[in-house]
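Given these sequences and hints, build the entire structure.
Number of protein chains: 2
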Amino acid sequence: MTTGPGAVSEFDRDIAVSREGDHFSGELKDGWRVGGGVNGGFQLSLLGNAIRAALPDHPDPVAVSAYYISPAVAGPARVDVRPLRTGGRTATVAADLRQGDDVRLSVLATYGDLAAFPSDDVRTTAEPVVLPPRDECVANTLAPEEIKEMAPFTQRFEMLFHPDEVGWAVGKPSGRGQISAWFRLADDREPDPLALLMAVDALPPVTFDLGLPGWAPTVELSAHVRAKPAPGWLRLRHRTRNVAGGFFEEDCEVWDSADRLVAQSRQLALLPR
Amino acid sequence: MTTGPGAVSEFDRDIAVSREGDHFSGELKDGWRVGGGVNGGFQLSLLGNAIRAALPDHPDPVAVSAYYISPAVAGPARVDVRPLRTGGRTATVAADLRQGDDVRLSVLATYGDLAAFPSDDVRTTAEPVVLPPRDECVANTLAPEEIKEMAPFTQRFEMLFHPDEVGWAVGKPSGRGQISAWFRLADDREPDPLALLMAVDALPPVTFDLGLPGWAPTVELSAHVRAKPAPGWLRLRHRTRNVAGGFFEEDCEVWDSADRLVAQSRQLALLPR
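In the order they appear, the protein sequences are chains A and B. FYI, in UniProt numbering the residues of the first sequence are 1 to 273. FYI, in UniProt numbering the residues of the second sequence are 1 to 273.
Just so you know, these hints were derived from the structure itself, not from any lab. Model, not experiment: these values are computed from the prediction. No incorrect hints appear here.
Taking beta-carbon pairs under 7 Å as the criterion, some of the chain A residues facing chain B (in silico):
no.	residue
1	V103
2	R241
3	L268
Don't be surprised by glycine CBs; every beta carbon is placed ideally from N, CA and C.
Here is the structure:
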C-alpha cells in the first residue's frame with residue numbers, strides 16, 4: 001500500500017475518471033464490491049467526481065439524490081453529466097452511471113463551493129454521535145476472512161464500532177435500529193465532500209441491528225453535505241425509525257473531528273428477505 | 001365551492017393533466033401561488049399525477065426527489081416522463097416540469113402499488129406528532145387578508161397550528177425550529193399518496209420559528225410515501241436541526257388518523273436573506 005507525502009490514496013485512485021469527448025470514463029474496482037454488487041456510496045463518489053470535473057466553479061456536492069436502477073458489477077463504467085442550471089452560487093445537474101447499455105445509477109445533484117458559503121451562522125441542535133474511545137470499540141479488521149472475501153469493500157477503511165451496537169456480529173442484535181462507528185479511509189486519506197458521499201453508505205445496513213441480516217438494496221439515497229469536514233476521524237451513525245411495507249428508511253449522520261454535523265443522508269431500502 | 005357526492009375537489013381538478021403525444025399538459029393555477037412563485041409541493045403533486053398516468057401498474061409515489069431549477073409561475077406547464085426501469089414491484093422514472101423552455105422542477109421517482117406491499121411487518125419507533133384538540137389550535141383562516149392575497153396557497157386547506165408553535169405569527173417565534181399542525185384539504189378531499197407530496201411542503205418554512213421570516217427557496221426535496229393514508233385529518237410537523245452555510249434542512253413527518261407515519265421528507269432550503 002502506498003502512503004507518505006505525494007502518494008495517491010486508493011480512494012483517489014479508484015474514483016478517478018477521465019473525460020472522453022462528451023462523457024467520463026472510470027472503473028468500479030473489485031475492492032469496493034459487497035457480494036455480487038459494488039457499494040452504492042462508492043459509485044456515488046465516482047459519479048460525484050465526474051460531476052466535479054464537469055463543474056469547475058462548483059467543486060463540492062451540496063445535495064445529491066441517487067436512484068439505484070440495476071446492480072453494478074466490478075468493471076468499466078461511464079458517467080454522463082447534463083447541466084440543468086449553472087451560474088450563481090450553486091449549479092444543478094442530472095447524471096447517470098452506466099455499464100454497457102445498463103444504467104446503474106441515476107442522479108440529480110446540486111454542487112457549490114462549500115468554502116465560499118457563509119460560515120458565521122451555524123445553529124446545530126442535533127446532538128453529536130457519542131462513541132467510546134477508539135481502543136474500546138470493535139474494529140472491522142476483526143471480521144472473519146470469509147466476510148472480507150465476500151465484501152472486500154469492508155477493508156477500504158478503518159471502522160471501529162460502538163461496542164453496544166455490534167451484537168449483530170455475534171447473533172445478538174440490540175433491536176434498537178442503530179449502528180455507529182468511528183471511520184477513516186485507508187492510507188489515512190483525509191475526509192472531503194466526495195468521500196462523504198461514500199461514508200453515508202459505508203456502515204452495515206441498520207437492519208442488522210434489528211436481527212435482519214442480509215443485503216438491503218438501496219432504492220433511493222439523498223445526501224446533504226453541509227460543510228467541508230475537518231481532518232481526522234469521522235463518526236457515523238445509521239438509524240431507522242420506520243420499517244413498513246417491506247421497506248425501511250435509513251438516516252445517516254456524519255460528524256467530523258471538530259464536532260460538526262458535516263453530512264446528513266436518508267435512504268429508502270428494501271428489507272432483507 | 002363544489003362539494004357532495006360525485007363532485008371533483010379543487011385539488012383533483014388542479015392537479016389534472018392530459019396526455020398530448022409524448023408528454024403531459026397541465027396548469028399551475030394561481031390559487032397555489034405563494035408570493036411570486038407556485039408552491040413546490042403542489043408542483044410535485046401535479047408532476048406526480050403525470051407519472052401516475054405514465055405508469056398504470058405502479059400508481060403510487062414511493063420515493064420522489066425533486067430539484068427546483070427555476071421559480072414556477074401561474075400558467076400552463078408541461079411534464080415529460082422518461083422511464084428508467086419498469087416491471088417488478090417498483091418502477092423508476094425521470095421527469096421534468098417545464099414552462100415554455102424553462103425547466104422548473106427536475107425529478108427522479110420510484111413508484112409502486114402501496115396496497116400490494118406487505119403489511120404484516122410494521123415497526124415504527126418514531127413518536128407520533130402530538131397536537132392539542134383541533135378547537136384549541138390556531139386556524140390558518142385567521143391569517144390577515146394581505147397574507148391570503150400574497151399567498152392564496154394557504155387557503156387551499158385547513159391548517160390548525162399547535163398553539164405553542166405559532167408565536168412567529170405575532171413576532172414571538174419559539175426559537176426551537178419546529179412547527180406542527182392539523183391538516184386537511186379543501187372540499188374535505190381525503191388524503192392519498194399524491195396529496196402527501198403537497199402536504200410535506202405545506203407548512204410555513206420552519207425558519208419562521210427561528211425568527212427568520214421570509215421565503216426559503218427549496219433546493220432539493222425528497223419524500224418517501226410509506227403507506228396509503230387513512231381518511232381524515234393528517235398531522236404534519238416540520239423540524240430543523242442543522243442551520244449552516246446559508247442553508248437549512250427541513251424534515252417533515254406526516255401522520256394519519258390511524259396514527260401511522262405515512263410520509264417522511266427532507267428538504268434542503270436556502271436561509272431567508
